[in-house]
Amino acid sequence: MTIATAPSPPATQAPSGGPSRRGALRRLLPLVPSFVLLALFLAGPILWSVYVAFTNETLTGSASVNSTFVGLDNFVRMFGDPNFLNSFLLTFVFVIGSAVIGQNTLGLVIALLQRGRGRLLRSVVNGVVIAAWVMPEIVAAACWFSFLAEDGTLNTVLGISQEWLYTAPMVAVILANVWRGTAFSMLVYSAALSEVPADLVEAAAVDGAGPLRRLVHVTLPLIRRSIMANLMLITLQTLASFGLIYALTGGGPGTASQTTPLYMYEQAFRYFEIGYGSAIALVLLVIGALFSLVYLRLIKVEDA
Amino acid sequence: MKRRLAGSLLLLAAIAGCGAGASQENSGGKELEVLYRVDVTWPHLEKMLGNAKKQYEAAHPGVTIQLTAVQGTPEAYYTKLALLNRSPDSAPDLYYHDTFQVNADVAAGKLAPLDEHLATWPDWDTQFPDSVKAAARGTDGRIYGVPISTDTRGLWYQKEVFAKAGLAVPWQPKTWDDVLTAARTIKQRVPGVVPFSMYSTKIHGEATTMQGFEMLLYGTPGGTLYDDTQQKWVAGGRNFTDALAFVNTIYREELGPRQADAQNPKLADKVNMDWFPAAKLGISLDGAWTAAAWKPTSTKPWPEWTDKIGWAAMPTQNGQEPGSVSMSGGWVMAMSAYTPHKKEAFDFITVATNKENSMAYSVGTGDLAPRRDVAADPAYSADNPSVQFFTELAAVTHYRPAYEAYPKVSAQIQEAMEAITTGSRTPEEATAAYARSLPAAVGGADKVLGP
Chain A
1 MTIATAPSPP ATQAPSGGPS RRGALRRLLP LVPSFVLLAL FLAGPILWSV YVAFTNETLT
61 GSASVNSTFV GLDNFVRMFG DPNFLNSFLL TFVFVIGSAV IGQNTLGLVI ALLQRGRGRL
121 LRSVVNGVVI AAWVMPEIVA AACWFSFLAE DGTLNTVLGI SQEWLYTAPM VAVILANVWR
181 GTAFSMLVYS AALSEVPADL VEAAAVDGAG PLRRLVHVTL PLIRRSIMAN LMLITLQTLA
241 SFGLIYALTG GGPGTASQTT PLYMYEQAFR YFEIGYGSAI ALVLLVIGAL FSLVYLRLIK
301 VEDA
Chain B
1 MKRRLAGSLL LLAAIAGCGA GASQENSGGK ELEVLYRVDV TWPHLEKMLG NAKKQYEAAH
61 PGVTIQLTAV QGTPEAYYTK LALLNRSPDS APDLYYHDTF QVNADVAAGK LAPLDEHLAT
121 WPDWDTQFPD SVKAAARGTD GRIYGVPIST DTRGLWYQKE VFAKAGLAVP WQPKTWDDVL
181 TAARTIKQRV PGVVPFSMYS TKIHGEATTM QGFEMLLYGT PGGTLYDDTQ QKWVAGGRNF
241 TDALAFVNTI YREELGPRQA DAQNPKLADK VNMDWFPAAK LGISLDGAWT AAAWKPTSTK
301 PWPEWTDKIG WAAMPTQNGQ EPGSVSMSGG WVMAMSAYTP HKKEAFDFIT VATNKENSMA
361 YSVGTGDLAP RRDVAADPAY SADNPSVQFF TELAAVTHYR PAYEAYPKVS AQIQEAMEAI
421 TTGSRTPEEA TAAYARSLPA AVGGADKVLG P
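First to last, the sequence lines map onto chains A and B.
Numbering-wise (our numbering), the first sequence opens with residue 1 and increments by one.
Numbering-wise (our numbering), the second sequence opens with residue 1 and increments by one.
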């Protein structure tokens, strides 16, 4: 995007194109170190993983030394694999439940409720919410495990005996992820809401709009770009979520909470099918790209 | 997602980077890296290797042994080892290796054959029985590891629980039905006790395949995973379904551990360190090493176990010949094909598997001794009255078809077992799913024998 918009000011000065090219170069120069670093450390592994997705490469065994190109076999196998389709569905439920609905809505609600409150209250609420976010994934998982375990806090408080992680594993991991990730959405929305001009909201109030109407017709349209950007970021983050689920349920019981990243890990690193695992990773990449496209598209539609 | 993918690959690269240079010369001396597994409740191998390191370094000035631990379950260990072995730079020089993984690594050219070195080591012929020597024999007939342990499997039972349930001890079931009847009796008469425990979920990995499924399958008439005469893998069939049906009965009649426990990676510790001592479990289908959990060398000794615990052979399905069944596996010390110091590395293997160290390992872990001189030593069985019984199970034992494809076949079995445990599939459905996935696992439909 920078490259596309960059050349306009120098172009007016020098129509010949020579200095403009130099200008563009000058602008691109600072990018060079990061491109070199990316190429050095990431291009190799990424290209390699794209390549092995089309082979029968394994971590050990004869296929690890004599892997052969198998074309689309891995992808054909994937879409005929009930375990993959199950993981795909669970990933969708996980992303919609914990990111799009959970973190997004809760973050917005907390940010809205905080407007105009006392400084002390805001600091306390912010502190508590952000603490969950700062916590390493594995520690957060351990907290939720102790909370939901059979002799854990929840059952002790409710005075019942229920194996939450086994009876409702998806609910458990979705709740844990909402708890952990809400801070990000809250921060994005706090920032966005502070940019909403108070006079506009006041004017709407004077015109007789109630709080709900003011929110839906004034505030939300004004922060829609933040909403879309936030949705895109948390969707991509949640799509790739691994540690939290792995530590909480391990994808089980059975495959009841085995989202695609967990399935990918199992195939690649537990059963050593690195070729098949990479193919799954590629598909996940495409799904992430599709989600982003939808959000970007929505922003454009709104702007038009 | 891109970030995640790249992240995991970077991690891989980082692991490779860390290991690099491990076997390089340092200040004129040689260094050998030894990879092994350790767990809080399983410190025995670490102790033994620490001892071997001291002995070896004293006898071999100029060679340093670097011990690299992998903390966690055997499954975590397999993954770590496979990743380190991806590159000669990161591969350890020597490693503790599960015999069922050996042929896959031989096919990948990661293991060094030891025959040449073994010929110069008198202990190999005098102390290791032929059956034990075969533990790490490749499909090419060469030896790829020196056995550090061997084992058999059977039933352990709590005599107090049996007494409360009115079951006679000593107990020796004749058929699967006898086992189920005992479990049902316990459920009925001793509430609050888990009647029967076995490994049956993916989290327990190879234990689910071997201690769980294969102990059943190889006890059905002619039951096997691999047909030796036709050299093909058997795609399910009646025996396969029957074995799964036993597991199904355990869980559907609630004779087994609850789902949360069946899925707990620490089930073995719960069974042996909590439930058995507290008389909260009737019967456990597990390995010969189980008694190690109660011995003085354990992290939680239970001296009364010799009075409270009994052991029995796992019967065949209908009591058909030979009446009982067992499975045997074991671990070896193996040498990397990439190590530049093969002579020194082999010398370390001979130290780690000498009488003293082999004894320390067997006594600590409760595994059966692979060496004749250890097995004959009174100190070996002194505080473990179950040793003789489990050693004699060798007469009815089976070995896994540990071909290159075996780990993948094992993964499919774990899949089936877990589906039965949770009840998401019936035994027939799980068998059908296994038969469907088998050709891909073993490399083609021509390697599969229809049911």
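Calculated from the structure, these hints are not laboratory results.
C-beta atoms are modelled at their ideal positions from N, C-alpha and C, and glycine is treated no differently.
There's no promise every hint is true.
Label pairs and their in silico Cβ distance ranges [stated by the list, open to error]:
| hint | chain 1 | residue 1 | chain 2 | residue 2 | range |
| --- | --- | --- | --- | --- | --- |
| 1 | A | Ala149 | B | Thr41 | 29 to 35 angstroms |
| 2 | A | Ala149 | B | Lys47 | 28 to 34 angstroms |
| 3 | A | Gly127 | B | Lys47 | 45 to 51 angstroms |
| 4 | B | Pro303 | A | Val125 | 36 to 42 angstroms |
| 5 | B | Gln230 | A | Val100 | 51 to 57 angstroms |
| 6 | B | Gly166 | A | Gly152 | 32 to 38 angstroms |
Incomplete in silico selection of chain A near chain B, CB under 7 angstroms [to be verified]:
| hint | residue |
| --- | --- |
| 7 | Thr60 |
| 8 | Ser62 |
| 9 | Phe69 |
| 10 | Gly159 |
| 11 | Glu163 |
| 12 | Trp164 |
| 13 | Tyr166 |
| 14 | Ala168 |
| 15 | Met170 |
| 16 | Val171 |
| 17 | Pro253 |
| 18 | Tyr271 |
Here's how the hints hold up against the structure:
Range check, A:Ala149 to B:Thr41: Cβ separation about 20 angstroms, and the 29 to 35 angstroms hint is violated. Evaluation of the 28 to 34 angstroms hint for A:Ala149 and B:Lys47 yields a pass: the beta carbon distance comes to about 32 angstroms. Between A:Gly127 and B:Lys47 the Cβ separation comes to about 46 angstroms, which falls inside the hinted range of 45 to 51 angstroms. A hinted range of 36 to 42 angstroms is violated for the C-beta pair B:Pro303 and A:Val125, which are about 56 angstroms apart.
As the Cβ distance of B:Gln230 to A:Val100 is approximately 54 angstroms, the hint placing it in 51 to 57 angstroms holds. Between B:Gly166 and A:Gly152 the beta carbons are some 37 angstroms apart, a value that agrees with the proposed interval 32 to 38 angstroms. Interface restraint check: A:Thr60 against chain B, minimum CB-CB distance 5 angstroms, threshold 7 angstroms, status holds. Hint status for A:Ser62: holds, given a least beta-carbon distance of 4 angstroms to chain B, under 7 angstroms.
Interface hint status for A:Phe69: violated, as the beta-carbon distance to the closest one in chain B is roughly 16 angstroms, over 7 angstroms. The closest approach between the C-beta of A:Gly159 and any C-beta of chain B is roughly 19 angstroms, which is over the 7 angstroms cut-off, so the hint fails. The closest approach between the C-beta of A:Glu163 and any C-beta of chain B is roughly 4 angstroms, which is under the 7 angstroms cut-off, so the hint is satisfied. Hint status for A:Trp164: violated, given a least beta-carbon distance of 9 angstroms to chain B, over 7 angstroms.
Annotation: A:Tyr166 was flagged as interfacial toward chain B, and the flag holds, the nearest CB pair being 5 angstroms apart, inside 7 angstroms. Interface hint status for A:Ala168: violated, as the beta-carbon distance to the closest one in chain B is roughly 12 angstroms, over 7 angstroms. A distance limit of 7 angstroms between C-beta atoms decides the matter here; for A:Met170 the minimum to chain B is near 14 angstroms, and the interface restraint is violated. Residue-level restraint check for A:Val171 is violated (minimum Cβ-Cβ distance to chain B is 15 angstroms; threshold 7 angstroms).
The criterion of a C-beta within 7 angstroms of any C-beta in chain B is met by A:Pro253, whose closest approach is roughly 5 angstroms, and the hint holds. Contact between A:Tyr271 and chain B, as hinted, is supported at the beta carbon level, the nearest pair being about 5 angstroms apart and thus within 7 angstroms.
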